[in-house]
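Peer 1: What follows is the residue order along each chain.
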Amino acid sequence: MKKLINDPRSVVDESVEGFGMAHADLVDVHTDPIFVVRKGAPVAGKVALVSGGGSGHEPLHAGFVGHGMLDAAVPGAVFTSPTPDQIIPATAAVDSGAGVIHIVKNYTGDVLNFETAAEMAQAEGISVRSVLVNDDVAVEDSLYTAGRRGVGGTVLVEKIAGAAAERGDSLEAVAGVAEGVVRNVRTMGVALSGCTVPHAGVPSFELAEDEIEIGIGIHGEPGRHRIAMEGADAITSRLLDPVLEDLGIKAGEEVLLFVNGMGGTPLSELYIVYRRAAQILAERGAKVERSLVGNYVTSLEMQGCSISVLRLDDELTALWDAPVHTPALRWGM
Amino acid sequence: MKKLINDPRSVVDESVEGFGMAHADLVDVHTDPIFVVRKGAPVAGKVALVSGGGSGHEPLHAGFVGHGMLDAAVPGAVFTSPTPDQIIPATAAVDSGAGVIHIVKNYTGDVLNFETAAEMAQAEGISVRSVLVNDDVAVEDSLYTAGRRGVGGTVLVEKIAGAAAERGDSLEAVAGVAEGVVRNVRTMGVALSGCTVPHAGVPSFELAEDEIEIGIGIHGEPGRHRIAMEGADAITSRLLDPVLEDLGIKAGEEVLLFVNGMGGTPLSELYIVYRRAAQILAERGAKVERSLVGNYVTSLEMQGCSISVLRLDDELTALWDAPVHTPALRWGM
Amino acid sequence: MGLTVDWATDWLKLSAKAMEEHRVELIELDRAIGDSDHGENMDRGFQAVLQKLDEAPPETPGAALKAAAMALMSKVGGAAGPLYGTAYLRAATSLGDATEIDAETLAAALAAARDGVVARGKAELGDKTMIDAWTPAVDAAQKAAAGGADPVGVLEAAAEAAETGAMATDPLVARKGRASYLGERSAGHRDPGAASTALLLRAAAAAAAGSAAETGTDAV
Amino acid sequence: MGLTVDWATDWLKLSAKAMEEHRVELIELDRAIGDSDHGENMDRGFQAVLQKLDEAPPETPGAALKAAAMALMSKVGGAAGPLYGTAYLRAATSLGDATEIDAETLAAALAAARDGVVARGKAELGDKTMIDAWTPAVDAAQKAAAGGADPVGVLEAAAEAAETGAMATDPLVARKGRASYLGERSAGHRDPGAASTALLLRAAAAAAAGSAAETGTDAV
Ligand SMILES: Nc1ncnc2c1ncn2[C@@H]1O[C@H](COP(=O)(O)OP(=O)(O)O)[C@@H](O)[C@H]1O
Ligand SMILES: Nc1ncnc2c1ncn2[C@@H]1O[C@H](COP(=O)(O)OP(=O)(O)O)[C@@H](O)[C@H]1O
Ligand SMILES: [Mg+2]
Ligand SMILES: [Mg+2]
Ligand SMILES: [Mg+2]
Ligand SMILES: [Mg+2]
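Taken in sequence, the protein lines are chains A, B, C and D.
In terms of the numbering used here, the first sequence opens at residue 1 and continues consecutively.
In terms of the numbering used here, the second sequence opens at residue 334 and continues consecutively.
In terms of the numbering used here, the third sequence opens at residue 667 and continues consecutively.
In terms of the numbering used here, the fourth sequence opens at residue 887 and continues consecutively.
Warning: the hint list may mix true and false statements.
What the hints assert, rightly or not - If you want the footprint, here are the derived chain C segments under chain A, 3+ residues with CB under 8 angstroms:
no.: 1; region: 699-709
no.: 2; region: 815-822
no.: 3; region: 842-850
None of these hints come from the bench; they were simulated from the model.
Ideal Cβ placement from N, Cα and C applies to all residues, glycine included.
Generate the whole structure from the sequences, applying the supplied hints.
Peer 2: Set out below in structure tokens:
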């Protein structure tokens, strides 16, 4: 394992410290417990958005703290959901009285820790609503799993719900917008390589030169199945087809197409995937109204990508287009 | 070699095609010969900026085409500078009559191809000025090399010169601004792994588990020397010290600190490097007024980073802050 | 003689030692079917438990377990943090202010711990989770207590059953937690949480045997 | 008998074949001290040359080399593109409209090509570049021509000298081009451009020998 780190145990602390130094105009970093809040939070009268999860997915979540998106991010250890003693003060720090939305990716650990934190924050008099993101179509939504995972679509939920909060929507309304995004976004991912958790020191899995993992999550875990390496166009179909199937995208519908890098794949390759994905959508008569291509929800240095499709309507498009100013996503200001 | 590609020979074409589809609001992609121009170019009365070079450094250069930055980008084959027959029509396509600046990274191939193109464009009546970027302190600027390479600092030159052009500066003035940035920016890089050029199919170099390359360029070539792996803080000193030495940064001076990922290193690690770099600058009494952290000038999926420091003055800071709207760098609009 | 606060603190100290020693092993188990963090998280959590015990030495077994619960809840994270946190908290509540714990009370506390995990995680036996270690352990403890075993005997029985239970997760297909995403591919690997539960209960038994030896009681 | 346009097109075709066959080898040489693209670029460039010859068959050797120069300039890229482009252009200019080339004219054209590379790239002998193949080749060609050799002999001499020159780059430290960034580490590897120059001049000799054989002239 070779990483630009000092000590596996200080990775998150030092990285978040550096992040805070680089973006001191946008965020404040709290230490012990560690969390990141939007500069000037709480914003009077505004519903606050808090998200968090294991580290290793950067820029998610801290990179999305700022105007029009998150009010706080709570980073756990690498691939480990944060604990209530981080989530509670982060929640309190950003509550203006208008209430707080917890955006939680659907993993047992995240759900349990945010659940506990929400309960205790409620007990302290803060109105908290939780929104669960579970966009991964690789996991069948059955009784025999912990349900679908939250993956790439999370960034779309955070952006769009953040815009709703910024325009002054109520707690229930923002939660409703967020849940609307969750209902209309699906994702599927592929890995060409594993990734190495710093404290583990060895890759999460090993793939032969001619193997890839289909249906991966974002924690370096193996996917649903391993197949022989294929060309980018074929892989794109493998990811996009089930996404479109599940969403039931029909001709004439408008979508946002998001090709997300897992961290170690060059941007140029993401555009090769984007190209084919956009072609497939065009063949089906869907209209790609908005797009996002880049490393937004990563698994450390894993090579691979995920494709997310969000069904748009005029309101979602307007909220997507609304100004946002965070370290990792910025437009309109 | 495992890559999200279809055919090594179509990588650049397909990637640029996908790029054009994803950013159709910002750019037009021309094929055969391939180049990318800003939507609506030429902009009446504005000096145009054209840059280019081998592919494999994405988002450089095409990702920086748009308002306040480049008017055209000319991608060559992977790690191969583009040819005059691409550069000439790109230059012609964006010239409004106010003249064109070629921003050229200092490599024999880039210099020769842009030189030829400039000559021929001049012959067609276009005023062309070339600005050479050579910010790499790893290469001693001696008679015994082709001179310093252009590396990470290129993005700073493009942003700042782009802002000067956008505000209406003359050809000479924009060239002067660009040259001012070149004089005041220095960079040094490290690789933790090589990268694999698609048509080569094997990594550019192999490093043992405990080795790193110091003083690399951005083409997967080995660096100046190979050393034993060190912690991020020690590596940061190794990169930053020569940069500061060479620039002669003194206490009280204001700088822009740019930690650039080579493509395969997680953002979280770049922030660990940023943290130590900012500390070192603070220890020296320099003021980090602006910062940039991310994958901007990459070497495919190489793991590693470079650190650039730009000495700022009020004008450069204002130009840096000026609105920019490109696929990969955007603020103020 | 019943178990005292010394047993409880010994248990937690031996637990910390076990998590440190088996850190890599638990990471490896989690790497196969999860996300490679279980050993790291448990090690970090029990280091925090040690620190908490140091800062404010508890007066009763219940207080010791409550302190541990708080430390685990705030330092482990992931799925295991809230699950173990709840387990220790429920055990502490079950023990109340008692200063000495007999076999029955002990078995009841273990059952309360297990019930806490079930209440939070909703896992059933055979889902390939820590429940597959907890439930046989609780059953064995209750049986031993009912059969007249002393606390050492109860914990011995629990530890052994937990170990067997953990091993029995090897062929199972996970239906809860992160490993469930793997579907059939989760079979053939031991569940990391079941493995850590077995280690923790083995530490409990060792602490009891040690206390018993110290106070001159026959452990058998 | 002098060399005709058939020789020139044969040369370019054999060059394309050589670049295709040695593509991987040239990539490997460039990988060691450069950026792994030389073989790919030359292969792509000479495929473009073939296409150009197909589209508009040239009438004179000079026209063939000029067409090649344009194709190389627009399809090779990197350092080699403009350098070889200039070399072929200067050679073409030196040959003018001649339909048959004698030994002296040939040697002069090679010298013009070499001078073009020097004019563009400013490399000196010993800088570990293609000049280290070109200059010995030009010297040998001029000597052979002065000594009365026929065109085949001139090209044989040039090819052999280029091959020796390319091999002689192995121990050198590069002072121009991308390999110069490596400093001392560039020693111990052959310069890819020198290697491709040797291959191209060998192709020229083979084409000449072939033409000579066809027209019944003794090649020796
Ligand atoms: N719903 C659940 N009920 C009981 N135990 C669970 C449940 N989900 C997960 N676990 C246990 O947690 C263990 C994983 O813990 P850990 O790796 O620390 O958390 P995470 O899965 O969040 O990374 C699993 O091996 C399993 O024993
Ligand atoms: N200044 C120069 N003069 C002569 N030849 C040069 C010069 N610079 C580079 N070369 C030649 O070009 C070759 C490299 O070509 P190529 O790999 O295609 O271009 P690039 O270096 O741009 O990747 C070198 O091996 C060397 O022979
Ligand atoms: Mg985890
Ligand atoms: Mg090159
Ligand atoms: Mg885990
Ligand atoms: Mg090269």
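Peer 1: Work down the list of hints and note, for each, if the structure agrees.
Peer 2: Comparing the hints with the structure gives:
1. 699-709: holds (count 7)
2. 815-822: That given contact is violated, which follows from only 0 residues of the region 815-822 of chain C lying within Cβ reach (below 8 angstroms) of chain A.
3. 842-850: holds (count 7)
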